[in-house]
Amino acid sequence: MTIAMDDQHGPILDVQKLSKTYSVGGGLFGRSRQSVRAIDDVSFQIRRGEVLGLVGESGSGKSTLGRTVLQLTEPTSGSVLFNGVDLTRLNRRQLKPLRPKMQLIFQDPFASLNPRMTVGRILGAPFQIQKLRLSRAERDERVVAALGAVGLTEHHLDRYPHEFSGGQRQRIGIARSLVMEPEFLVADEPVSALDVSIQAQIVNLLLEIKRKLDLTILFITHDLAVVGHISDRVAVMYLGRIVELADTRAVFSAPRHPYTEALFSAIPTLDPTVKRNRILLKGDIPSPLDPPSGCAFRTRCRYALPACAEAVPPLREVGQGHLSACIREDLNLAAPLAA
Amino acid sequence: MAADMDASSVLDVRNLAVSFRTDRGEVPAVHDVSFTVKPGETLALVGESGSGKSVTSLAVMRLTPPAPQASLTGSILFRGRDGQVRDLATLAEHEMQAMRGNEISMIFQEPMTSLNPVHRIGDQIAEAVRYHRKVDRQAALDRAEELLVLVGIPEPRKRLKSYPHHLSGGMRQRVMIAMALACDPSVLIADEPTTALDVTVQAQILELLKELQERTGMAVVFITHNLGVVAEIADRVMVMYAGRIVERGGVVPLLKHPLMPYTHGLLRSVPRLELAAFGQAKLEAIRGNVPDPTRMPQGCSFHPRCDHAELGRCDRTIPILEEAEADHLVRCHRWRAIASVEA
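Just so you know, the protein sequences line up as chains A and S, in that order.
Per UniProt numbering, the first sequence starts with residue 1, numbered consecutively.
Per UniProt numbering, the second sequence starts with residue 1, numbered consecutively.
Take every hint as true, because none was put in to throw you off.
Which bits of chain A does chain S cover? Going by a derived footprint, with three or more residues having C-beta under 8 Å, they are:
1) 50-63
2) 221-232
Quick list of simulated restraints, FRET-style, between CB atoms:
3) S:SER71 <-> A:ARG133: 55 to 63 Å
4) S:ASP123 <-> A:LEU337: 44 to 52 Å
5) A:LYS96 <-> S:ASP123: 47 to 55 Å
6) A:ARG133 <-> S:ASP23: 43 to 51 Å
7) A:GLY10 <-> S:MET296: 52 to 60 Å
8) A:ARG121 <-> S:GLY40: 55 to 63 Å
9) S:ASP23 <-> A:ASP158: 19 to 27 Å
10) S:SER49 <-> A:LEU213: 23 to 31 Å
11) S:HIS119 <-> A:GLU154: 50 to 58 Å
12) A:ASN91 <-> S:ASP23: 44 to 52 Å
13) S:HIS165 <-> A:LEU213: 41 to 49 Å
14) A:LEU213 <-> S:GLU310: 36 to 44 Å
What the hints contain is simulated information worked out from the structure, not anything from laboratory work.
All C-beta atoms in this analysis are idealised placements derived from N, C-alpha and C, irrespective of residue type, glycine included.
Only chain A is shown next, with the shape it has when bound in the complex (with noise of 0.2 Å):
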């Protein structure tokens, strides 16, 4: 499983045979205790610059994804090299100098800001949480330039989020990931909440600021055609695992899982006049807590074969970087554009 990699310096992200379990339920003496794996052996890796769309529905793990690669939430087992750094075999003091180089982009921009606090304050508490050594003018032009990143001006630091609209807090959210000067973001569906009309501005925003300050993203959304504009590769996400990955015009031009497939079959098209063939996915993803025995998508999926039952079908090559999670090679499933 290789992957053509930025030359010298190896990915800047590189995650291996990551899982996460949390233990639910207990009762007396924790005798009935089971476990949740909320993700389940992922590795992947991300280049110096590249956008990874991360891709899932609810439950799928996402989420949990994003803040285990951070270390906001310890990972059960597995590694995240990050630089070349193995982040999990790090304590707090030892990962605390290295956090300002890769920061998180929350959905809700109503409930990830203060409201007590000002715009200039909440730009500078990263300051005072990593304790930099920097002049009150290093530190304020840090912040100046954050704010002119995201569109907005130094006139905005006496203003409480309050007075801001769902887009402008956003860029407010974004400012505060930037006054660290980070490599790495990772951007958790940060347009979920915002009306179409914003949403657009702030994908293109975050474009925007990659470009100018050299930044790699994992991009985690609900949403396969915002991913399709914005990354190069895409991995979707369900239950748990990774089932595809690949760049993106292989996984939209030619989907190699069935849930890939229905996902992109469940999105509504913009136009009245094409009536399609959907595939409708019968109940819901299943619970986590008594996931399905082999590949955790046979229930839903229409391709199912009784080997499907048997083992977890492991991420394997199935064209040039394109992986995918299916036992199933004969399969010549739709796509939303011509290969």
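Starting from the known structure of chain A, fit chain S onto it as the hints suggest.
Positioned in the frame of chain A, the structure of chain S alone reads:
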């Protein structure tokens, strides 16, 4: 009373206006909204936050706060099962209660918060039945089971005894739909019923609503911000911006040949699968922000964000909603000029 309603419509809203009293004075939320809905038809009400789409739907249900917190003017003509036309805007609260959930029902965005967490599903649906029908508890529970079958919930008898937290989001929305349909309403108002759901579940719920509509002939007013969903289910569309209707028409002309620059911009800013550009490609965006209702721009409320705005005109007077083609209305000073350039 208001009996001069169009014979083919079940709902006829005229000059609806709603405003709220706030610390910053009277804030108008909806102005001059008129529309009709026919039996079996789906009217999509599209808009972004602050467009007034939800307030419009709440007003039709008479669920906006009573005076003096809010004022509601205009008329909401509704043809009842008995063939009689009533103006919901002037009904007394107890008369409205007899209509609500009976002849005209509503479902909401959040199936998590719209169900009572401490009561069983069956009892909650049965309550809706018994509120309007004189039946005993067992008959109401039987009806509840029937409704669960109707909305495609597996093992309905067993599910009657479930609590909301036992169900997934999609199943809860099905329960909400079952409850809304308990008394065979002739109008269902669906306020973003699929927004909180995953796309695969959204597809299931849209399919279900279409199927139920075909079977019952009810009219649906579907409120959404998702134009893909509109293309999927609507017969007619009404686009709202800053409290006003800015465009209204059949789903095909409106989505294929929008006349109002806002509708056009909205359509272009939706990322499309079939236009995927593979990596770091920009989306088309509408610049600026949705206006603050307490500080509405003069003239056309969209003009500060509009590429076609003509100073001295668009920033002075509010355009009227005029008929551009048969059953296609637009509120724009410049739609003729824009249409001729783009043709």
